[in-house]
Every structure is written in C-alpha cells, then in structure tokens.
Amino acid sequence: MIKYYNTKCDNGNIAVDDTILVKDLEASAGSKILEGFKPLFSAEAVTRLESKGYKVSGKTHVGEFGLDLVGEFSHYAEAEAALKGAAAELVKKGEVKAALGVDMNGSTRRAAALSCVDFLKPTYGTVSRYGVISCAASGEQVGVYAPDAKGVKEIMETIAGHDEKDGTSLKNESYGYTISYVSGKKVAIVKELLEKADEETKARINAFADGLRAKGVTVTEISCDIFDTANTAWQILMTAETCNNVSRYDGVKYGHRAKEYKNIDELYVNSRTEGFNFLTKAVILYGSDVLSKNRYKDCYDKSLKVRRVLFETFEKLMESYDAVLTPVCSKTAYESYDIHEAFGKVFEESVFTALANLIGVPAMVSGGVQLMGKHFGESTLLSLAACVEKEGK
Amino acid sequence: MNYELVIGLETHVELSTESKIFCSCGGHSAANEPNDCVCPACSGMPGMLPVMNKHVVELAVTAGLMLNCDINKYTTFDKKNYYYPDLPCAYQITQINHPICTNGCVTLKTSAGSRDIRIKQIHMEEDAGKLVHSGKYSYVDFNRTSVPLIEIVTQPDFRSAEEVVTYLNKLKSMFRSGGISECEEGAMRCDVNISVRPEGSEEFGVRTEIKNMSSFEAIEKAIRYEAQRHMDALEFETEELVQETRRFDDASGKTFAMRNKETEADYRYFPDANLMPIIIDDEWLEKIKANKPAAVDEKAEDYRAAGISDKEIDMLISNHKISSLLDELVAKGANAKDAAAWILTDCAGILRKDGKTLNDLAMTADDLFAVMQMVEKGDINRGAAKKILIAMVEEGVDPVAYCKEKGLDKKVDSSQVEAVIDKVIAENSQSVTDYKNGKVKAIQALFGACMKELKGAGDPAVIKSLLEEKLK
Chain A
19 MIKYYNTKCD NGNIAVDDTI LVKDLEASAG SKILEGFKPL FSAEAVTRLE SKGYKVSGKT
79 HVGEFGLDLV GEFSHYAEAE AALKGAAAEL VKKGEVKAAL GVDMNGSTRR AAALSCVDFL
139 KPTYGTVSRY GVISCAASGE QVGVYAPDAK GVKEIMETIA GHDEKDGTSL KNESYGYTIS
199 YVSGKKVAIV KELLEKADEE TKARINAFAD GLRAKGVTVT EISCDIFDTA NTAWQILMTA
259 ETCNNVSRYD GVKYGHRAKE YKNIDELYVN SRTEGFNFLT KAVILYGSDV LSKNRYKDCY
319 DKSLKVRRVL FETFEKLMES YDAVLTPVCS KTAYESYDIH EAFGKVFEES VFTALANLIG
379 VPAMVSGGVQ LMGKHFGEST LLSLAACVEK EGK
Chain B
76 MNYELVIGLE THVELSTESK IFCSCGGHSA ANEPNDCVCP ACSGMPGMLP VMNKHVVELA
136 VTAGLMLNCD INKYTTFDKK NYYYPDLPCA YQITQINHPI CTNGCVTLKT SAGSRDIRIK
196 QIHMEEDAGK LVHSGKYSYV DFNRTSVPLI EIVTQPDFRS AEEVVTYLNK LKSMFRSGGI
256 SECEEGAMRC DVNISVRPEG SEEFGVRTEI KNMSSFEAIE KAIRYEAQRH MDALEFETEE
316 LVQETRRFDD ASGKTFAMRN KETEADYRYF PDANLMPIII DDEWLEKIKA NKPAAVDEKA
376 EDYRAAGISD KEIDMLISNH KISSLLDELV AKGANAKDAA AWILTDCAGI LRKDGKTLND
436 LAMTADDLFA VMQMVEKGDI NRGAAKKILI AMVEEGVDPV AYCKEKGLDK KVDSSQVEAV
496 IDKVIAENSQ SVTDYKNGKV KAIQALFGAC MKELKGAGDP AVIKSLLEEK LK
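Chains A and B supply the protein sequences, listed in that same order.
For what it's worth, the working numbering labels the leading residue of the first sequence as 19, then goes sequentially.
For what it's worth, the working numbering labels the leading residue of the second sequence as 76, then goes sequentially.
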C-alpha cells in the first residue's frame, strides 16, 4: 500500500506538497530536520484557494527540500514508493482535482512527466512565495498539477497575482489566462536536448509535435546550445541559495534537535548531521564552496552574469517562436538508486528543466513533454497543451 | 620618536522607526518581556519573506544628506552568513555591493582646529537578537532581531581619541535633532580600527579592530590603551603587532585579542534574492530632502540669530520633538524667542513639578500657538495663560474652550478698570492713608483687592500704573 500523504485531511480536493505551508498541518519539506514543525500560517496560494472554496486534502510527500529527482529521498516515505511524485500520482488517480508543488530544480515537472499529468511552472513572480519552504529564492515558483490544461488554468487564475507579503511578487493583479486556437503558432524542438533522451521519450516528443501540426502549428527542429550552460549556472545559484536558506535549521528554535551535545557548536553539528540526508549535505557543501571568498567571483558572480546573458539569448530566440518543445527528463521511468549518486543524477537530469528556473520563463508539462515560453506566455503554453490533449481524448 | 595615531570608525546606529526593517513587529523599545515583539519573519521560520520598510530607506537617506554623502539611486541587500543562536536565519541581511550612501564628509571643531572626516559609506542592515545567560542555560530574546540599523563607516581620518569623541557627539546630536535615532544607551555601537605610525610617515601601521563598544567613555579609554600598546610595541619591541580583532574590558581598562586574520570567518556574502533592488528616483529623493530637518549647525545659527540663548539652543538641538514643535510655532508666525521661553521655561516648569520632562510634553503646536495669540492680543494676561497651560499639560484640555469655560478671557476696558480702582480706594481708606504717608508697600493690598475684584482679568501692569496714577 503506497502512502502519498504526510498528513491527510478529510474531504479535500487539493493536495499540497510538503514544501508549502498549511496552517497547523505539520510541514517537513520531506526532511527530518523539520520534524514536528507546525506553521502558524498558510501559504498565500493555499489561502487564495481556500477562499474560493477549495479544501486541502493533505500534505503530500516530497523528497527532502525537493532536491531529488521526483521525491525518492523523503525522510517520511519509502524510496521505492516515491519513484513517482506523490502529488502527481494523486492527480493521476483522480483523488484530487489538482495539487500545488514548488518547482525549484525540476522535481515537480519530472514527477508530472512520469505520471503523465499536466504541470505548469509559471513566470517567476506570478504566484506568491509567501509560505513556501524556500530553497532557491531566485528561481523557485509555486506550480500547479492538474489532469489537463483547463484544470491548470482554473487553479492558476485563483493563485496568480500580486501579494505584498512577497517582495518578489510582480505587481500584476491578474493575468487573464486564456485557452484559444493555436493555428499559425510556431514551435521549435531543441535538437541538443532531444539527443539526450531515450527512444520512448523521443517518440513522445514526435507524437506531441504531430498533434500540434494537426492543429496548424508549425514545428521545426532547431539547434540551441544554451541548456548545459544554463544548467551549470542554475546548479551554482541553486546550491548556494539552498545552503544559505537551510542554514536556519540549526536545532535551536524548532524541528529536530540532537539529544547529545556538549556545547552550542555540537548542538548545531549533531542536529544538522542527523537532520539532513546525504543529498542535502552535498548541496550544502557545494553551495558553501561556490560562495566562499576564493570562488565567489568565478562561480556565483559569473553565474549571475550567465543568467543575464541567457535571459537575453532566450528572449531573442522567442522573437521567432512561440514556444520551445523539449523532453522533461531523459527517460519515462526512473529505477531506484543509491542516494550517494543523487547529486550527479539530479544535475544530469536538470539540463532539461534548469533554464526555466534560471531565467524565470514559464514551463508547462503535458503528455510527458515540456513546453517553454516567453515571460508571461502561459496562455500560449496552455493553448498548445490543450489542443493536443483534446485530440488524445 | 613621535608617533601619529590613525583611526577609522564603524558606527552602528539604531533607527527610530515604528516597526522593524523587514516585518511589521514594533521595535524592541515597545517590548516589556523577552520575545514580545516577534513574528514568524523575525524569528526565522520557514515560509516568511522579508518586506522592506520604506521609512528605513528614508532615514538612511536623511542621515546621508546630513553627512554630505552621495545618495545612490540603485541600492541592494546582501546576506552575511554565520551561525549564532541570536541570529535566527543564520544570516544577517546587510549591504555590501551597493550601499545606500557613499563619499560623505563631516567637519569637526576640536581644540586642534577644524578637521574634515571623510565618510566612506552608510549602509542599512538588521540587528541581531540577544542572549541572556543564566546558570546552566542560555536564553534567546528576539525582540531586537531585525531592528533597523545604519552603519556609518569613516575613512581612517581620525588622529586622536578626542576627535573620535567629538565626532560621536556630533553624530548623536545630529541624529537626535533629525529624528533619525534617539541614540539612547546601547543604540549607538562602535567598532574602532586603530593603527600607529611614525609621525610624517605615509604608510599605515599594523591595524587592530576593537569591537562593539557603546559608551563614549569606554571608547576613549580603549583608544588610549590600544594606542599606547601599539607605541610600546614599536618603540620597545614589547610584542609583535598582528592584524586582529580585540575586545575592550571596561573593568581592567585593557584590550584583549579575540581572533586574528587566519581564524577570521568567511561570511560568504551574496545578494539577497528575496529583496528587489531599491531605486531611489529624483522625485522620492526630493521629497526626502524637503522633509530633512536643517543641519544641526545651520539650525543652531538660526536659533542664535532669533535671540535664543546658547543654553536653550543646546536643549532644543538635542531634542527633535521639542525643536520641531518650536519650528512649527515659528512657521505659524510666533516669535522664536518667545516660543522657546513658553516651551523651555513655562511648559518645562509645569512638567518638572509633576516629575516629568519635556519628552512627556503632549501638546500640539496649534494649541500652544492659540495660547500665545490670546496673550499677544491682550485677551488674557500671563497669569491666566499659565492657568490654561497647566490644564493643557495635566489634563490635555483645549485652550480656547477652557479659557471660555473658566471665564479667563474676560476683556476689560479701562473705564471698567477705573471704576473698580475707584471702588477699592473708597473701601480701603486705611491703606490709602498709609500709602500716602510713605508706606509704599501698602499699594500691594490695594492692587490685590483690584485683581480680586476683576477676577484675574485685565493686564496687571496697566492696572498697577492706573492705581498709582489715582493715588497721586
């Protein structure tokens, strides 16, 4: 029997990943370090949904701080059971109408792809990050899992919009998402990313492209070599920001505290040694390193510059196309593996997802493939996904 | 050999804002108990995000303007990483890359003459909480966490402890009069960078930093001790000087090494992605400039020109609330010297009787001006004015309504006064006779009787001269 929830509530219709706070429900972000932590308030996205009559069905398992592939390294769930994302599976099974997840390093998008449900990571600044257990502040966004594009749109309409409690929230009050005809739109398939995927994934991309063509969309293959650079830059920024943001979990205020310690340094070291898993520790080490005095200029500072350059490069590309079609992961299912390999594996797989986090553009998963658009191009992505989905039904 | 002292200062000043720098908690001065002024944001709980307090930016800019700094139109925040239980997020939000103010200058007048101290930068940051150690345990109090600070960094331009103290006193009176900080005990903390070199040398000596001192007396003592230690080391080779951080022990009057360059922490500074860059456009800057109180020297000159005494100027300059009350009265058309006397003599006197100080004065400029106007127009005399003032200070009454209610505003024309005087003279023949026989004091009884008859109305000086006239 697979357990999807960390905490389960009755009569709910929205699942919320355990990286997002719901008032009075234990929030752990999949980590032992936050054991027993009960938040005093709900995330803004949750509050907005509840005010429209949605009800939280529970807190779904995530991998520790959402750092792994799809949720396999949660402190609270068996790795085997979590090789598909819990929230994505619940949506797939129809047990909830939709789910919220934090897209930070691709785990939510990969989970949606493996379960073949839809997921939208909106433009950075669209959904308030108030109440998100933050790791990589400069690129993470609350996203929506739903069975189809229409379901994603419905939830997005409720949760998107300015929130004064989040300094990175854009001023737009509403976004006016629409699903409309796509005939005449132009979509590019990125050759370099296609080559990194297995045959089954390639077949999915081709099928999706055919679906688009049938609706009058022009699909062409292009060469675009920015994805590896984007991934390296994002891993540097992401690990640095995560290292900093999880440093508050020190055993002093809440969450897990080691039983054995002789002084404050041991309290820190022992609590954190026991509280974090191997992958988080690797991220902390990597993040500390890229921020250290000797490396800062060549790593962190350079990544910020790369971010600016790639932002412009992608914008230029999007002058000729409405969306880019890529794989979300290299294969259609993951096998279980050892946590000591996790850092490298995630790095490898993030080549498909990192650009959207790095430069803040929207990314939509549908039918196991990914569509990336220009900033505020969500309606185009929803429309493209919807037209193929309708055909499939 | 003669040596020259070279000192640079980093001064942390707690800002007088109603709320903390990144959340809406009240400042720690509003707290009665430990952890009274704490919310999920300033106690470092997950899910909370910092939101910039606009007033902090405005006060930092005002401080920059007072210290003749360039105000940077683009300013950003960075995170400084270190672990300590009083720092709930394990990082402090501060400014490294783009501080709000740079390149300032302040002129000091000391016994050695006029000296310019260059200000390297002013930046905004949040304070940490505090630890209370008791027996086996240490307790954490987050009331002070995220209270806004500005840090003012000077160039190594001080040459004596006297200059340092003069500078700090100047900052204190500037910031008080500018409403930037109350500069109370502990709200102004200094790190002193100090080195010594042979007189005439251009090169700097080995520098040590004495951390976190808040009393000016301690700062002066620490500088004198540390300077002597450096000079002894150079002159007599008593020890080898190393670049290090030291602390001053007030009891022994000595400094002690805390950590040296090798063991110094790497704070891994990097930009805070949760706070967008702050853009200070011309419109905003002009608004801040318009609200900026006059510089202390300028203001003191204005007061002096208005005939206010030096002693009164000192009282005004060090109290922003009172000086702005005076400025408001002057703006309404009051005579500055008179207004100063009303506040600093009359109001202060009433407050003192009640065991209070001018800081407790809760009077609007409008109300005080109304009283001054009534006196000036001759509607009431000073005695009546004093009665009204007492009621205003003690009960917060409206002066005009109170005056009417108590019948203090009764206007009396001279014929009425004369009639009263005639009546008093007729009824007190004994006193009249005494006075005419050279017993000058007897007029007091007659005057008192007149005042009683008039129920305090009328101008005492006029009444007295009329009375003298009639008795001739």
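Accuracy of the hints is not assured; some may be wrong.
[Unchecked claim] What follows is a list of derived Cβ distance ranges for each label pair: (1) A:42 - B:230: 49 to 55 Å; (2) B:182 - A:333: 34 to 40 Å; (3) B:93 - A:312: 38 to 44 Å.
[As the list claims (entries may be wrong)] Subject to a maximum C-alpha distance of 30 Å in a straight line, what follows is the list of computed DSSO-like cross-link-like pairs (lysine-lysine): (4) B:364 - A:189; (5) B:374 - A:189; (6) A:280 - B:155; (7) B:155 - A:50; (8) B:286 - A:183; (9) B:148 - A:320; (10) B:247 - B:211; (11) B:364 - A:311; (12) B:462 - B:247; (13) A:183 - A:214; (14) B:148 - A:323; (15) A:311 - B:148; (16) A:323 - B:155; (17) B:211 - B:195; (18) A:183 - B:374; (19) A:277 - B:247; (20) B:364 - B:329; (21) B:374 - B:329; (22) A:280 - B:362; (23) B:245 - A:271; (24) B:374 - A:311; (25) B:148 - A:56; (26) B:245 - B:367; (27) B:462 - B:396; (28) B:247 - B:195; (29) B:205 - A:277; (30) A:41 - B:396; (31) B:195 - A:323; (32) B:184 - B:407; (33) A:56 - B:367; (34) B:362 - A:183; (35) B:155 - A:271; (36) B:245 - B:211; (37) B:511 - B:407; (38) A:408 - A:73; (39) B:129 - A:323.
Hints listed in this document are in silico derivations from the structure and should not be mistaken for laboratory results.
Cβ coordinates follow ideal geometry from the N, Cα and C atoms, glycine included.
Now the hints, each set against the structure:
1. A:42 - B:230: 49 to 55 Å: 54 Å, holds
2. B:182 - A:333: 34 to 40 Å: 51 Å, violated
3. B:93 - A:312: 38 to 44 Å: The hinted range 38 to 44 Å holds for residue 93 (chain B) and residue 312 (chain A), with Cβ atoms some 43 Å apart.
4. B:364 - A:189: 28 Å, holds
5. B:374 - A:189: 42 Å, violated
6. A:280 - B:155: The hint holds at about 27 Å.
7. B:155 - A:50: 26 Å, holds
8. B:286 - A:183: The hint is violated at about 36 Å.
9. B:148 - A:320: OK: residue 148 (chain B) and residue 320 (chain A) at ~24 Å, within 30 Å.
10. B:247 - B:211: 39 Å, violated
11. B:364 - A:311: 38 Å, violated
12. B:462 - B:247: Violated, because 36 Å separates the two Cα atoms, which is more than 30 Å.
13. A:183 - A:214: Since the Cα atoms of residue 183 (chain A) and residue 214 (chain A) sit roughly 40 Å apart, the hinted pair is violated (cutoff 30 Å).
14. B:148 - A:323: 21 Å, holds
15. A:311 - B:148: 27 Å, holds
16. A:323 - B:155: 21 Å, holds
17. B:211 - B:195: Violated, at roughly 43 Å.
18. A:183 - B:374: 40 Å, violated
19. A:277 - B:247: Violated, at about 48 Å.
20. B:364 - B:329: With a Cα-Cα distance of about 44 Å, the restraint between residue 364 (chain B) and residue 329 (chain B) is violated, given a limit of 30 Å.
21. B:374 - B:329: 40 Å, violated
22. A:280 - B:362: Violated, because 55 Å separates the two Cα atoms, which is more than 30 Å.
23. B:245 - A:271: Outside the cut-off at roughly 41 Å; violated.
24. B:374 - A:311: Given that 30 Å is the threshold and the Cα spacing comes to 46 Å, the pair is violated.
25. B:148 - A:56: With Cα atoms ~41 Å apart, residue 148 (chain B) and residue 56 (chain A) exceed 30 Å; violated.
26. B:245 - B:367: Roughly 17 Å separates the two Cα atoms, so the pair holds.
27. B:462 - B:396: Measuring from Cα to Cα gives roughly 24 Å; hence the hint holds.
28. B:247 - B:195: 18 Å, holds
29. B:205 - A:277: Answer holds: residue 205 (chain B) to residue 277 (chain A) is near 24 Å, not above 30 Å.
30. A:41 - B:396: Roughly 43 Å separates the two Cα atoms, so the pair is violated.
31. B:195 - A:323: Measuring from Cα to Cα gives roughly 27 Å; hence the hint holds.
32. B:184 - B:407: With a Cα-Cα distance of about 34 Å, the restraint between residue 184 (chain B) and residue 407 (chain B) is violated, given a limit of 30 Å.
33. A:56 - B:367: Answer violated: residue 56 (chain A) to residue 367 (chain B) is near 45 Å, above 30 Å.
34. B:362 - A:183: At roughly 26 Å apart (the allowed maximum being 30 Å), residue 183 (chain A) and residue 362 (chain B) satisfy the hint.
35. B:155 - A:271: 20 Å, holds
36. B:245 - B:211: 43 Å, violated
37. B:511 - B:407: 48 Å, violated
38. A:408 - A:73: 28 Å, holds
39. B:129 - A:323: 29 Å, holds
Consistency note: the structure conflicts with the earlier hints numbered 2, 5, 8, 10, 11, 12, 13, 17, 18, 19, 20, 21, 22, 23, 24, 25, 30, 32, 33, 36, 37.
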